[in-house]
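Listed here are the chains, written in short residue letters.
Protein chains: 2
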Amino acid sequence: MFKDATVAEINTIMEKAWKTFHVYRKFSLKQRAAFMRAIAAGLDNPPDELIPTVMRETNLPEARVRNEKTRTVFQLTSYADACERGEWLEARIDTANPERTPLPKPDIRKMLVPLGPVVVYGASNFPFAYSTAGGDTACALAAGCPVIVKAHPAHPETSDIVAKIILKAAAETGMPDGIFAHVHATSFEIGKALVMHPYTKAVGFTGSYTGGRALFDWANQRKEPIPVFSEMGSINPVFLLPGKLEQAAADIAKMYAGSITLGVGQFCTNPGLIIGIESAPLQEFITALGNEIRQIAPGTMLHPGIAKTYGEKKSTALAQEDVTTVAESATAPAANQGVPAIASASGKAFLNNPVLHQEVFGPYSLVIRCADEAELLKVTQHLEGQLTATLMATEQDMLGHDELVEAVKNICGRFILNSVPTGVEVCLAMHHGGPFPASTDSRFTSVGADGIKRFARPVAFQGWPDSLLPEELKNDNPLGIWRTVNNEVTKKSI
Amino acid sequence: MFKDATVAEINTIMEKAWKTFHVYRKFSLKQRAAFMRAIAAGLDNPPDELIPTVMRETNLPEARVRNEKTRTVFQLTSYADACERGEWLEARIDTANPERTPLPKPDIRKMLVPLGPVVVYGASNFPFAYSTAGGDTACALAAGCPVIVKAHPAHPETSDIVAKIILKAAAETGMPDGIFAHVHATSFEIGKALVMHPYTKAVGFTGSYTGGRALFDWANQRKEPIPVFSEMGSINPVFLLPGKLEQAAADIAKMYAGSITLGVGQFCTNPGLIIGIESAPLQEFITALGNEIRQIAPGTMLHPGIAKTYGEKKSTALAQEDVTTVAESATAPAANQGVPAIASASGKAFLNNPVLHQEVFGPYSLVIRCADEAELLKVTQHLEGQLTATLMATEQDMLGHDELVEAVKNICGRFILNSVPTGVEVCLAMHHGGPFPASTDSRFTSVGADGIKRFARPVAFQGWPDSLLPEELKNDNPLGIWRTVNNEVTKKSI
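Residue numbers (our numbering), protein chains in the order written: chain D, 1 to 494; chain P, 1 to 494.
Just so you know, not all the hints are guaranteed correct.
Derived pair list, reagent style EDC-like, types lysine to aspartate or glutamate, alpha-carbon separation capped at 16 Å [claimed, not checked]: (1) D:26 to P:217; (2) P:19 to D:406; (3) D:223 to P:384; (4) D:223 to P:160.
To give an idea of the chain P side of the interface with chain D (calculated C-beta under 7 Å), a few residues [as the list claims (entries may be wrong)]: (5) 18; (6) 19; (7) 430; (8) 459.
It is worth saying that the hints were derived from the structure and are not from the lab.
Quantities reported herein were computed from a predicted structural model and do not represent experimental measurements.
Just so it is clear, CB atoms sit at the ideal spot from N, CA and C, and this is done for glycine as well.
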């Protein structure tokens, strides 16, 4: 239905984005925020066909689609608020001291400025929140960067409708032509052309390891490498500590059956690995989890490709030596449905088999039975970087497992206690990222307003008179933002 | 005199650093700062042989060596202060709301934690400030990372003495064994082994484009890529605007003759390119600069390799079509001395010849004569990323050249008005970095306490009881640090 963009079209789009960058970067925080709020308003009152289109393209149920739309509106408005508050600018001022010896001290003031045009690759599992008007787009616009979205081929019509909402909001709020562009592409060639274009200055991606790593590698092979933030998912280990497990094995099983199968398991924070120490309570947990899973019906997955890959990856995982299938859903699946499944293996098997460390994207989780506490620690130390890690633990468990707690902290971006990893709160304290391979740069997040900083860099102004400085750095602080002046955090004027 | 480390020795060092990481990362900000201050104290009262050794190994004059030592002591103590103040932790707290519908809001709190062992490659031109106990080491220790320094082969004895000062300070302040290691290596193989080791989690480098890019490429080819901050120098363009030039051509020439030849031009912020519009005042400037340069005697360079490369690169630059030698020092050079030189070329020549964009590390600068304002803008738009850019301009010049000012801002990390780029102030508002190829990541700095953030990443704690949270995130804010609580910047307790 949608034709792939050509390389010539990409060139035209990027040249326009580059020109626009020089206009938009000078727009005030207020103007950027107004644009973002206009997109939010448009998405909040979309054309009638939007919700049915998403449902048809993604197989997601209406409630889930509407919730995600609400979340996306909240992202846009809350990042617009953060954009205006201006803490993300990291404004720093060190005033001059002409009397200093041996050399006078110059006046130096620093703030973040935008990187340039940002290419965003839409995600299959979040048609709103991590696609066209999603978190990456909102962060880039707040930073002062034009955005080029490559629509995910699984929901091109949805993406097209949202793109039109963005373009309408741009026109309404007086944005320069070229502030936003929308590209369809199913070919590898066009995906690569976007990241390799010299006017592309940063990339945002949410999706598979293969896709995210390819973008990262291309970006680093450029004559001028550019930052790529790829959020590539993970297996989100859950650690069942003995005290807690003894208290609540059945309750934990029930909670986790829900988390594992939520949205047919199609979340990057899906708990794909549950780790405990071989014991009667662990067996009780496994049995209870199996019983829960049998009762949960298969659900239709986002698209046939994802359903096919889930089936294959699950089969591969279940076929590994020493892996036992604990339970599968008792309901027979229809076409393109993902069958919930739980498997189990020993700690030794997990340590010896890298296949068991791989994400199985869908309603699947593997329970690892460690021989003892030493093996539990060893398993933890052999885990790759993760978006999240969860401890189910009493306070006593925590105090008695300091080394384990530190080892877990060292591999994850978000560390959850006594809850589930699914559900990523949109707030400033959120961190959605994590050590490689969870993301390509553990120092940045794709959820929360700190994500704006992915697309901005500092510039220091030395010896500028007040009249010529940007508003953010002027003596009387006309924008009323927080700044660090001579090492003191303050809103005061100078 | 010093033997290269072997790959087996590197393995042993990295295994020790990895073990130490798990101890040191739990050390309080106060403990880290105490260690850094002890290093500063040791460097401030060094063994008698230190200064003569540096002078012998680097050919730097005593005053310069002593100033750099003072600067390095200041870096260590001021970053220790910043470490303790804790703003760099970016502590964020979003408190729970159990009543929120449809889902309760969890408590989420975030702060930065260290990445892991950091490998620092010593710089040839800063035997103290960007070598063994230099800025990268100070930042990594503040972040909570063990440090492995590869001594620069041009000053191995200096590096060895400083390493002993660090190890003594570590023992005095109760640091774990393995917090710091010192490696000699002249071979490519060992330099690469350090960056490729799986326990290396970040790299700091100051030096040439070739070296910095090689480290960056290796790091990205790892199974688990790691962040590399390479500061690779630049040509630091200086723009002479018409109004200012008319007022002060001779004064600017005198100021720049000093900046170009300071330290025999061996600074990454050396002004290697001066750009103006063809005019009588520009000719006056060129003549005056030539006259100044003739009077400045050649100086001995850091080591024979640098002197040789300077001679070759200068010859290559001067041999380019349409490049005219304006002046060279009238004094004949001794062995390993760098001869100050000024050349000139048209804007057109610069636009057409990439050789003229390359750094000539030493006391050399090229003056570009643009035909008109349009060509000046075009030259600016064709410049690569730069550590610094400088405008010599009146307020009227600035107001009349908005497009040029924005174009300059877009390529540099530090934007200087009516001064010289040499001299990098150590303060929080400093930015020492810049778009590629000035550095490998324009979002980070290697000077100023914000450089700590190169070596740290956020972790979000979700649903943790107050008693188990790190001190930095506890309700009553026992460390008294600035935090953002429910989007409000505050030191208040909760």
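Against the structure, the hints come out as follows:
no.: 1; hint: D:26 to P:217; in the structure: 34 Å, violated
no.: 2; hint: P:19 to D:406; in the structure: 12 Å, holds
no.: 3; hint: D:223 to P:384; in the structure: 11 Å, holds
no.: 4; hint: D:223 to P:160; in the structure: 37 Å, violated
no.: 5; hint: 18; in the structure: 10 Å, violated
no.: 6; hint: 19; in the structure: 11 Å, violated
no.: 7; hint: 430; in the structure: 6 Å, holds
no.: 8; hint: 459; in the structure: 6 Å, holds
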